[in-house]
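Just so we're aligned, residue 1 is where the sequence shown starts under the UniProt record's numbering, counting upward by one.
Hints in this document: simulated from the structure, not taken from any laboratory.
Some hints here could point you the wrong way.
[Unchecked claim] Derived EDC-like pairs (lysine to aspartate or glutamate); straight-line CA-CA distance at most 16 angstroms: (1) LYS75 / ASP46; (2) LYS68 / GLU206; (3) LYS75 / GLU220; (4) LYS77 / ASP46.
[Said to hold, decoys possible] Distance ranges between label pairs, derived from CB positions: (5) ALA147 / LYS68: 13 to 23 angstroms; (6) ALA178 / PRO124: 23 to 33 angstroms; (7) THR39 / LYS218: 20 to 30 angstroms; (8) GLU206 / ASP46: 17 to 27 angstroms; (9) SER221 / SER141: 25 to 35 angstroms; (10) THR179 / GLY102: 27 to 37 angstroms; (11) THR179 / THR217: 40 to 50 angstroms; (12) SER211 / SER117: 36 to 46 angstroms; (13) ILE199 / GLN135: 22 to 32 angstroms.
For each residue, glycine too, the CB sits at the ideal point set by N, CA and C.
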Amino acid sequence: MKVIFLLCFVIAFVHSSFVRFSSFTELIDSESFGQFTATGQQGIVDAHNNLKSSIAKGTYVAKGTQQKPGANLRKIKWDNTVATSAQNYANTCPTGHSKGSGYGENLYWSWTSGTPSALDSYGPKASASWESEFQSYGWTSNTLDTATFNSGIGHATQMAWANTYAIGCGVKNCGPDATKNNMIKIAVVCQYNTPGNYINQPIYQEGATCSACPSPTKCESATGLCA
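Start from the sequences, fold in the hints, and give me the full structure.
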């Protein structure tokens, strides 16, 4: 089975969705919802929390550079309301970012000439693709200035954003794509609350692991995250 991951498309659309200058808040609900099963949802949540945990503990290495530990990284939970929004947008088989959702957003596309894998598998694949930006482009500044954002790590920084506490994702088998020799297209949309990627803001607060957890969260010693 031949699979093609066109990450350049993902990167090309990063600018339209991620640069933020104000904040949004929503209530969270961790019950299962959407096209991803509970197993698929957990895989996505785990991928995000594993990244945030390694950053919080000061063990994360991005292209050879070990990052400083984080004091305020919040643990991610699945949110049905966010998942509804993400699934609704995934159902449109998008070619670019949504507008006006109030959430942060990461997109991922995969094309295959054979039978697609189970849809649940695409959540972790998407998460790994986004995180790989840190390995491909490095992470040289903890402040998301314009240069850092434009370096190509916008999906990874949304995954790592300290204040983001909720995620919901959708997936859609879009069928044959005439622009890609009728290969089967799979679209993944993940949306985030609160959004990350505020220009000139820190991605996380450097300091002793989970030493500055925002109220009402508390330090979860096993992960180093604020939960």
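For each hint, the structure was consulted:
1. LYS75 / ASP46: holds (10 angstroms)
2. LYS68 / GLU206: holds (6 angstroms)
3. LYS75 / GLU220: The hint holds at about 9 angstroms.
4. LYS77 / ASP46: holds (9 angstroms)
5. ALA147 / LYS68: 13 to 23 angstroms: Holds, at about 19 angstroms.
6. ALA178 / PRO124: 23 to 33 angstroms: holds (28 angstroms)
7. THR39 / LYS218: 20 to 30 angstroms: Taking Cβ atoms as reference, THR39 and LYS218 lie about 28 angstroms apart, which means the hint holds.
8. GLU206 / ASP46: 17 to 27 angstroms: holds (24 angstroms)
9. SER221 / SER141: 25 to 35 angstroms: holds (29 angstroms)
10. THR179 / GLY102: 27 to 37 angstroms: Because 30 angstroms falls inside the window, the suggested range holds.
11. THR179 / THR217: 40 to 50 angstroms: holds (45 angstroms)
12. SER211 / SER117: 36 to 46 angstroms: holds (41 angstroms)
13. ILE199 / GLN135: 22 to 32 angstroms: Taking Cβ atoms as reference, ILE199 and GLN135 lie about 23 angstroms apart, which means the hint holds.
The structure meets every hint from the earlier list without exception.
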